[in-house]
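If you read the sequences in order, they're chains A and B.
Under our numbering, the first residue of the first sequence is numbered 1, with each subsequent residue one higher.
Under our numbering, the first residue of the second sequence is numbered 302, with each subsequent residue one higher.
Careful: at least some of the hints might be erroneous.
Claimed, not checked - Simulated pairs of lysine-lysine, DSS-like, Cα-Cα distance not exceeding 25 Å:
1) B:Lys540 / B:Lys497
2) B:Lys309 / B:Lys531
3) B:Lys445 / A:Lys198
4) B:Lys304 / B:Lys497
5) B:Lys419 / A:Lys198
6) B:Lys496 / B:Lys309
Unchecked claim - Calculated from the model, a selection of chain A residues having no Cβ within reach of chain B, i.e. all distances over 12 Å:
7) Arg22
8) Val97
9) Pro206
To be verified - Here are some, though not all, of the chain B residues that point toward chain A, as calculated from beta-carbon distances under 7 Å:
10) Phe318
11) Val379
12) Arg385
13) Arg386
14) Gly389
15) Met390
16) Asn396
17) Pro399
18) Gly410
19) Leu413
20) Val416
21) Thr485
Think of the hints as simulated: they come from the structure by calculation, not from any bench.
The structure presented is a predicted model; accordingly, all values stated were derived computationally and were not measured.
Glycine is no exception: its CB is placed at the ideal position from the N, C-alpha and C atoms.
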Amino acid sequence: MTTTELERPARPPVFHHLSTGRKARNHLATVLVSLAFLIALVPLVWLLATVVIKGWRALVSPDWFTHSLKGVLPDQFAGGIYHALYGSLAQALVCAVIAVPIGILAAIYLVEYGRGWLARLTTFMVDILSGVPSIVAALFIFALWISTFGLEQSAFAVSLALVLLMLPVVVRSCEEMLRLVPQELREASYALGIPKWKTIVRVVLPTALSGIVTGSMLALARVLGETAPVLVLVGYSQSINFNIFDGNMTSLPLFIYNQFTNPTAAGQLRIWGAALTLILLVMLFNLIATVISRFSAIKTK
Amino acid sequence: MAKRLDAKDLNIYYGKFQAVAEVTLAVPPRNVTAFIGPSGCGKSTVLRTLNRMHEVTPGARVEGEVLLDGEDIYAGGVDPVDVRRTIGMVFQRPNPFPTMSIKDNVIAGLRLAGVRDKSRLDEVAERALRGANLWNEVSDRLNKPGGSLSGGQQQRLCIARAIAVQPAVLLMDEPCSALDPISTLAIEDLIAELKKEYTIVIVTHNMQQAARVSDQTAFFNLAGVGQPGKLIEIDDTEKIFSNPGQQATEDYISGRFG
Numbered sequence: 001m002t003t004t005e006l007e008r009p010a011r012p013p014v015f016h017h018l019s020t021g022r023k024a025r026n027h028l029a030t031v032l033v034s035l036a037f038l039i040a041l042v043p044l045v046w047l048l049a050t051v052v053i054k055g056w057r058a059l060v061s062p063d064w065f066t067h068s069l070k071g072v073l074p075d076q077f078a079g080g081i082y083h084a085l086y087g088s089l090a091q092a093l094v095c096a097v098i099a100v101p102i103g104i105l106a107a108i109y110l111v112e113y114g115r116g117w118l119a120r121l122t123t124f125m126v127d128i129l130s131g132v133p134s135i136v137a138a139l140f141i142f143a144l145w146i147s148t149f150g151l152e153q154s155a156f157a158v159s160l161a162l163v164l165l166m167l168p169v170v171v172r173s174c175e176e177m178l179r180l181v182p183q184e185l186r187e188a189s190y191a192l193g194i195p196k197w198k199t200i201v202r203v204v205l206p207t208a209l210s211g212i213v214t215g216s217m218l219a220l221a222r223v224l225g226e227t228a229p230v231l232v233l234v235g236y237s238q239s240i241n242f243n244i245f246d247g248n249m250t251s252l253p254l255f256i257y258n259q260f261t262n263p264t265a266a267g268q269l270r271i272w273g274a275a276l277t278l279i280l281l282v283m284l285f286n287l288i289a290t291v292i293s294r295f296s297a298i299k300t301k
Numbered sequence: 302m303a304k305r306l307d308a309k310d311l312n313i314y315y316g317k318f319q320a321v322a323e324v325t326l327a328v329p330p331r332n333v334t335a336f337i338g339p340s341g342c343g344k345s346t347v348l349r350t351l352n353r354m355h356e357v358t359p360g361a362r363v364e365g366e367v368l369l370d371g372e373d374i375y376a377g378g379v380d381p382v383d384v385r386r387t388i389g390m391v392f393q394r395p396n397p398f399p400t401m402s403i404k405d406n407v408i409a410g411l412r413l414a415g416v417r418d419k420s421r422l423d424e425v426a427e428r429a430l431r432g433a434n435l436w437n438e439v440s441d442r443l444n445k446p447g448g449s450l451s452g453g454q455q456q457r458l459c460i461a462r463a464i465a466v467q468p469a470v471l472l473m474d475e476p477c478s479a480l481d482p483i484s485t486l487a488i489e490d491l492i493a494e495l496k497k498e499y500t501i502v503i504v505t506h507n508m509q510q511a512a513r514v515s516d517q518t519a520f521f522n523l524a525g526v527g528q529p530g531k532l533i534e535i536d537d538t539e540k541i542f543s544n545p546g547q548q549a550t551e552d553y554i555s556g557r558f559g
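Please put together the full structure from these sequences, using the hints given.
Here's what the structure looks like:
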């Protein structure tokens, strides 16, 4: 039976099936992208797994968070990272106390007041500072604090070097957050007869707060693991030292570096334990950042 | 309270570019003046010079005088912060402060100026919200964030915020252009109410709106791209829309261009 002219479709269908070539390319791309994702994931998971497997036993020992290594022999399974944990936290917090206010104020200057050459110079300097390797920052503070001022090595010197590393990150993130605040809000505030400084303090900063807090906490988490400053600017100590201005003070990276020369099984366990503690500490800071930004985030409901 | 506003020989510049040339106009008290004209003709720019908001833009500068009841707001030694407290502004897009509640938004102007008396702030908040025809809709959720309201309610919140500081003049820069027709109607009714107490200047792209809400209308136009905008004519709204003095005005309102 033949089809008549009337029974034939007037036009060929508009939509075609996927051609084999496109299907093949689609599969190839999917496989490549998934593979790249897996390859990127492997070292991360591997690293975490290694640290957890080799270090968890140290963390569950009752003395780990409550005792230093005072009077503990190198091959003895005893003592803990109490002194190093205090050192890391103290150095990072002192650094934050200095770097965060300066960073926020500098960002306010750049966004709200900065015009002309001084603003360009500041931006340029912040860019340069963010590219400075940590060892260079450490050597600079060494040259300034110890060689020029003639002061002793101390945890405070470490904090100063960390400030150099943290400052550009804080300035950058605050600047971004302040620029995200719509100009309309500033104008709305001016239109009510509110002076500029009060507009910044009461309208602009609260609006950008959650981002500023997150940025600062992430910057803090980053400097926690910095190793070069603690190698150059402070000595190692087996026991706790609460004074940041005087004497040796161990931090987690310094603790790990020191135990690296301890070949015993106890030393190995301490290295992995301290590494795991450091990772958990950074995670904790990131978690706190998330929680704070969640709470200070702008609510619309 | 409501004051008259006179602009004399305003020349307004952004850097080297002259945006507006030779504008002279008078705004009587308790009266609505509408600025109409095609995009880029400088209506908003003129409006922003009337409360020194213009100079917030870097590189912007003004020549000429703006007199508030005879007092030049550009005279040396005049604090722009004082000027803006006396001459309020409502913007094109509703911009409540996102970190503040509805009530805090309304009393922001007073509170940030240092008023702490709680009962007075409560009273002002209610009066301003009633004045902006918003009280009935939000009185049960004053502590909810300002961003939780609809666009039209947010704009009325912004008007409440502006009138809470009791300005002498209220400037409105296309206050309805981001709103739907029902919200627009609500704002227009509100303008009719507000003009009993305030001097109002409103920029609008909507000529029907200008015809509906204003007592006098100013038509701005520009000769071409890169040319400064000029005030073509200002007259009673009825006259502008029925029998304008200039051909350009006639062409614009009858939809022949713009």
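Going down the list of hints, with the structure as the test:
{"no.": "1", "hint": "B:Lys540 / B:Lys497", "result": "22 Å, holds"}
{"no.": "2", "hint": "B:Lys309 / B:Lys531", "result": "13 Å, holds"}
{"no.": "3", "hint": "B:Lys445 / A:Lys198", "result": "23 Å, holds"}
{"no.": "4", "hint": "B:Lys304 / B:Lys497", "result": "12 Å, holds"}
{"no.": "5", "hint": "B:Lys419 / A:Lys198", "result": "20 Å, holds"}
{"no.": "6", "hint": "B:Lys496 / B:Lys309", "result": "23 Å, holds"}
{"no.": "7", "hint": "Arg22", "result": "44 Å, holds"}
{"no.": "8", "hint": "Val97", "result": "25 Å, holds"}
{"no.": "9", "hint": "Pro206", "result": "4 Å, violated"}
{"no.": "10", "hint": "Phe318", "result": "18 Å, violated"}
{"no.": "11", "hint": "Val379", "result": "13 Å, violated"}
{"no.": "12", "hint": "Arg385", "result": "5 Å, holds"}
{"no.": "13", "hint": "Arg386", "result": "2 Å, holds"}
{"no.": "14", "hint": "Gly389", "result": "6 Å, holds"}
{"no.": "15", "hint": "Met390", "result": "4 Å, holds"}
{"no.": "16", "hint": "Asn396", "result": "4 Å, holds"}
{"no.": "17", "hint": "Pro399", "result": "4 Å, holds"}
{"no.": "18", "hint": "Gly410", "result": "3 Å, holds"}
{"no.": "19", "hint": "Leu413", "result": "5 Å, holds"}
{"no.": "20", "hint": "Val416", "result": "12 Å, violated"}
{"no.": "21", "hint": "Thr485", "result": "20 Å, violated"}
Of the numbered hints given earlier, the model fails hints 9, 10, 11, 20, 21; all others are met.
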